[in-house]
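Throw the hints in and build the complete structure from the sequences for me.
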Amino acid sequence: MQGPKYLFENEDHWVTNIGAWFPGERVIFRGKDLFHELKDLPWMGLLLYGITGKIPSDKQLRLFEGIWTLCTSYPDPRLWNNRVAALAGTVRSTAALAIGAANAVSEASIYGRRPDIRAIDFLLRTKCQLDKGADIEELVSKELKKYKFIPGYGRPITRKDERIEPLMALAGELGFNQGPHLKLAFAIEEILLKGRWRLYMNIAAVTAALAADQGLSRHEYYHYAVLSFSAGMFPCYLDALKKPEGAFFPLRCDRIKYEGKPRCAW
Amino acid sequence: MSKEREVIHSRIWEEIAEPDNPFAAATCYCSGYDVYGDLLGKVSWIEYLYLLLKQERPAPGKAKLLEGLAVAVANPGPREHSVRAAMCAGVGGSTSASSLMAALAVGAGQLNGAHEVVVAMTYWQDCGKNLMAWQKRLKHPLQEERADIWLPLEHPPGFDPHGASCATPVRQTLALLAKYHSEGVLTWLQQHRLELEAVANCPLAMSGVAAAAMIDLDFSVQQGEMLYLLLRLPGAAAHALEQQEYGWRRYPFFAHGLKLSTEPQL
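Top to bottom, those sequences are chains A and B. Straight run, no breaks: the first sequence in my numbering ends on number 414. Straight run, no breaks: the second sequence in my numbering ends on number 246.
Please note that a few of the clues may not be correct.
Between beta-carbon pairs, the in silico distance windows are [to be verified]: (1) Tyr222/A to Ser200/B: 28 to 36 Å; (2) Phe334/A to Trp25/B: 55 to 63 Å; (3) Lys290/A to Gly227/B: 52 to 60 Å; (4) Gly227/B to Lys294/A: 53 to 61 Å.
Here are a few chain A residues that face chain B, going by a calculated C-beta distance under 7 Å [said to hold, decoys possible]: (5) Ala168; (6) Lys390; (7) Arg400; (8) Cys401; (9) Tyr406; (10) Cys412.
Just so you know, these hints were derived from the structure itself, not from any lab. Just so it is clear, CB atoms sit at the ideal spot from N, CA and C, and this is done for glycine as well.
Structural data, given as structure tokens:
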């Protein structure tokens, strides 16, 4: 047993190169002086630098901004995470509680952060295997057999993902539309459209591929995406605030369809 | 043209509306019991909690076990990470909800947190009361091939990687809870604790006792996770309120604890 060795070592002692605040003087952000060396960086640049430790290029900034603008923030209060923000608004909770909770909810299994990390993970794993000489059709088939689905492919409600076209236009404009992971993502779609699968690609595969082509790791990509839905949450919260309190999709008592045990006494 | 309205399906809850307002409930039934007409005044909070989660009245032993667990984990104390998170909200004058959200976010984790309980419960489901199976699993934990929002566990689930020996409160809790179910895994854990600790190379933690208790209560992994999150909130609330009174000037800032390094770190 190692016992409390690391606790003794770190008691009142945290060595870091991430940053520090020198009250009244300066701030060091990942080794750089915030007010001098990073002052011209847009917020997206600071976010990416904080996550990856690398200053993104102007084209990368436009790509990562563009993904957020085009693909992430739909202000539809019916969507599960946005609904949390709208519910917070209708009961007059605070904006930060609304957005904090809605972002936490965005770490979902059927949309959002889990498919995001699983999509980039699949592309990186597959690319690695292909580079070693594996067969792409076999890899796809094996993955489907093992996990029943591939994140980034297939979409409930509609086949077509309306975000792919505008994002690909941006990627083309920036010269990022020929990257190896992006090509792989489309090649996988071709395989999945054949045979009985009939699975169309959705935006999660495209954004993951673009990020992988820019050298983001699995977790860097996941961390980049954590706040990405935020812009759609504020309008949902604000809209509910403007209307009478409690008025957001109210439910009558009989909208609960009880399917449990019969009535009884304790 | 009237469309059929969507409903909430529930095995737990049924409501009968007030005659003058379909949006106000006159009677609420929980698993068939009239909550305000029958349960209120008869049922204990723990019994009601069990009823909500399991949709059945707990046997006396089960209620005692859940009550014991609830008291044991209600306050991990102000040094514990999730409580510290709540106190950070408290000392800064943040909202009460953010205190509890902070406690939930940190208490959800994998070091004495709810996700550790999840993994420990899956170990119990797989290994049961089979020492050989436990030894094998602890020596060769399951490895997930895919990346996930949860990182791989860094220590055997339910054990304390920084412990020197099994902490007294953990042993006291295990001894008490094991009494409520002589055939259960808690009793087996008590009998085989030392052997398991030797294989895990670290002592049993409260999260390990909680996981075993959830198994003896026949809770699913998801129910166990929710309960562990829920049952640890009282301490977070109490300490957040206390530190709010003391104020940030009397709360540790680790003024001389941070050492800014220019060395690259992994």
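Evaluated hints:
1. Tyr222/A to Ser200/B: 28 to 36 Å: holds, 33 Å
2. Phe334/A to Trp25/B: 55 to 63 Å: holds, 56 Å
3. Lys290/A to Gly227/B: 52 to 60 Å: Taking Cβ atoms as reference, Lys290/A and Gly227/B lie about 59 Å apart, which means the hint holds.
4. Gly227/B to Lys294/A: 53 to 61 Å: Cβ of Gly227/B to Cβ of Lys294/A: about 55 Å, so the range 53 to 61 Å holds.
5. Ala168: holds, 5 Å
6. Lys390: violated, 21 Å
7. Arg400: This hint holds: Arg400/A lies near chain B, its Cβ roughly 4 Å from the closest one there, short of 7 Å.
8. Cys401: holds, 4 Å
9. Tyr406: holds, 4 Å
10. Cys412: Check passed: Cβ of Cys412/A comes within 5 Å of chain B, closer than 7 Å.
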